[in-house]
Amino acid sequence: MKKIGKNSIIFDDVYLFSAATVSGPTEKNGPLGGFFDSSYEKLDCGESSWEKAEARLMNDAIRLALFKAGLSEEDLSLIVAGDLNNQLGVSNSVMKDKKVPFLGVYGACSTSVLSLINGSVYIDNGFGNYIACATSSHNATSERQFRYPTEYGGQKPSSLTSTATGAGCGIVSKNKSSIKITAATLGEVYDAECYDSLDMGRTMAPAAAFTLKQHLKDLNVSIDDYDLIITGDLSTYGKKVFDDILLEYDIDVRNRHHDAGCMLYNPNRQTVLAGGSGCACCALVMYGFIVEEMIKKNLNKVLIIATGALHNPIMIAQKESIPAIAHAICLERGAV
Amino acid sequence: MEKRIVKNALDKNKIKRPVLKNSIKAFVVGGLIAIIAQGLLDLYMRVFELDKSTSTSMMSITLVFIASILTGIGVYDKIGQLSGAGTIIPITGFSNSMTSAALESKSEGVILGIMTNMFKLAGAVIVAGVVSSFVFGTLIYLVGLL
Chain P
1 MKKIGKNSII FDDVYLFSAA TVSGPTEKNG PLGGFFDSSY EKLDCGESSW EKAEARLMND
61 AIRLALFKAG LSEEDLSLIV AGDLNNQLGV SNSVMKDKKV PFLGVYGACS TSVLSLINGS
121 VYIDNGFGNY IACATSSHNA TSERQFRYPT EYGGQKPSSL TSTATGAGCG IVSKNKSSIK
181 ITAATLGEVY DAECYDSLDM GRTMAPAAAF TLKQHLKDLN VSIDDYDLII TGDLSTYGKK
241 VFDDILLEYD IDVRNRHHDA GCMLYNPNRQ TVLAGGSGCA CCALVMYGFI VEEMIKKNLN
301 KVLIIATGAL HNPIMIAQKE SIPAIAHAIC LERGAV
Chain H
1 MEKRIVKNAL DKNKIKRPVL KNSIKAFVVG GLIAIIAQGL LDLYMRVFEL DKSTSTSMMS
61 ITLVFIASIL TGIGVYDKIG QLSGAGTIIP ITGFSNSMTS AALESKSEGV ILGIMTNMFK
121 LAGAVIVAGV VSSFVFGTLI YLVGLL
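Chains as they are written, first to last, in this note's numbering: chain P, 1 to 336; chain H, 1 to 146.
Same shape as in the complex, but just chain P (with noise of 0.2 Å):
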């Protein structure tokens, strides 16, 4: 690998060798429900507390990505792995019975992406033979955790998204498959002064579209490149501020944007407000949708940004801003 521009890397020889999904109920009844290896009935998961289903999910994730690649837990040489719980422990307790290296991250709904690209790093430069990444988060989790409690009567603005159920895991290897990736831009922190932690679409959408921009100048590449370029979870309402702030710098990304927050749901069907967020988000729509549809060879080259509001919730009270990120990934078709 090496390093381009200012934020990017290019990598010489990574695949995604094998990638899973395991989604809730509501998930699976969405739009993209049949692109999931797996998926659960009911939102505890037959686990008897969210922080456990959600760390179910997660398992599943890594056991199902490694036995879809005719692989077992000894063949991994690192997981990299993250969550939006607290101290990452619903990661971290998955890690308890895995003999093998971890490496935690945390990029808030970023961590898909920002797993996949540590694991890619970690492979291009010899760090073994295959390296698992993997990231989940839970609506019931995430709300506790976050927000308010799920039973709570208050009523939420149209602005709130809801995050998602479900994991994901890709397992990246020097040995060649149907996906390589070849670029990723590692995103800056950026602060548009928003102060809302139930409008986050709109906070994290100038880090995306600063991203993006950053990923065409590193790499000397422009928009029409792209079959697709996804955007992490900026729902309904950050979906058009990304398009607004590009377009200022004469980039027109409409016609082949999609945002994984308002693909996941239908809005007309099911009560999600302004769309889907969370880290499972990106990663079901990445892992499941587009992974399936390269595969298919109906994409040859997508983006995917990943996008993160970093916010604590005690920094919110104490009227900080919300810090955003948005890390990009490459994914071309490969060789197979």
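Derived by calculation from the structure, the hints in this document are not laboratory data. Glycine included, each C-beta is placed from N, C-alpha and C at the ideal position. It cannot be assumed that every hint is accurate.
[Claimed, not checked] One side only, chain P facing chain H, incomplete, derived with CB under 10 Å:
#1 F102
#2 F127
#3 Y249
[Claimed, not checked] Ranges of calculated distance between the beta carbons of each label pair, as one might list FRET restraints:
#4 H:M1 / P:A317: 46 to 56 Å
#5 P:S321 / H:F119: 27 to 37 Å
#6 P:I223 / H:S107: 43 to 53 Å
#7 H:S23 / P:R333: 52 to 62 Å
#8 P:N92 / H:Y141: 36 to 46 Å
#9 H:G72 / P:R333: 27 to 37 Å
#10 H:P18 / P:I223: 56 to 66 Å
Chain P is already provided as a structure; the job is to place chain H on it using the hints.
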């Protein structure tokens, strides 16, 4: 330049909150709760022939009980999403905030979970009630001295 572009894009896509529509919904649902409460009060006073202060307490307890049950079976938050302040401001909202916090904390045990967190949201109402009753009690006492 960059800041200005971001600010313009954010301002252009400002989210309009339907204040009037929400206010009407809150008024209607809040009013309905008040009508039910009045019905309960009349029931306790006329049918059960309780005195007014006992009937008032019984009416509040009944409302708290119903709201708590509705929270437990996962209905109250859906009504709350529709009516907003209409279901949060009456005593039913107080009941919901306590029950929802208790439900949420159940996994952490009885003492450190339920008992510690039950007043997480409702605590503000208790503090406001105690402080304002102290302030107004003092004022009434002082006015009585004159």
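Verification of the hints:
Nearest Cβ of chain H to the Cβ of F102 of chain P: about 25 Å, over the 10 Å cut. The hint is violated. For the restraint placing F127 of chain P at the interface with chain H, the shortest Cβ-Cβ distance is roughly 37 Å, beyond the 10 Å limit, so the hint is violated. The criterion of a C-beta within 10 Å of any C-beta in chain H is met by Y249 of chain P, whose closest approach is roughly 8 Å, and the hint holds. Judged by the Cβ atoms, the range 46 to 56 Å given for M1 of chain H and A317 of chain P is violated: they are separated by roughly 32 Å.
At roughly 30 Å, the beta carbons of S321 of chain P and F119 of chain H sit within the given window of 27 to 37 Å. For the pair I223 of chain P and S107 of chain H, the beta carbons lie near 47 Å from each other, so the given range of 43 to 53 Å is met. Separation of S23 of chain H from R333 of chain P is about 54 Å and conforms to the stated range, judged on CB atoms against 52 to 62 Å. Taking 36 to 46 Å as the suggested C-beta distance range, the pair N92 of chain P and Y141 of chain H does not conform, at roughly 57 Å.
Between G72 of chain H and R333 of chain P the beta carbon distance is about 51 Å. The supplied range of 27 to 37 Å is therefore violated. At roughly 36 Å, the beta-carbon separation of P18 of chain H and I223 of chain P lies outside the given 56 to 66 Å, and the hint is violated.
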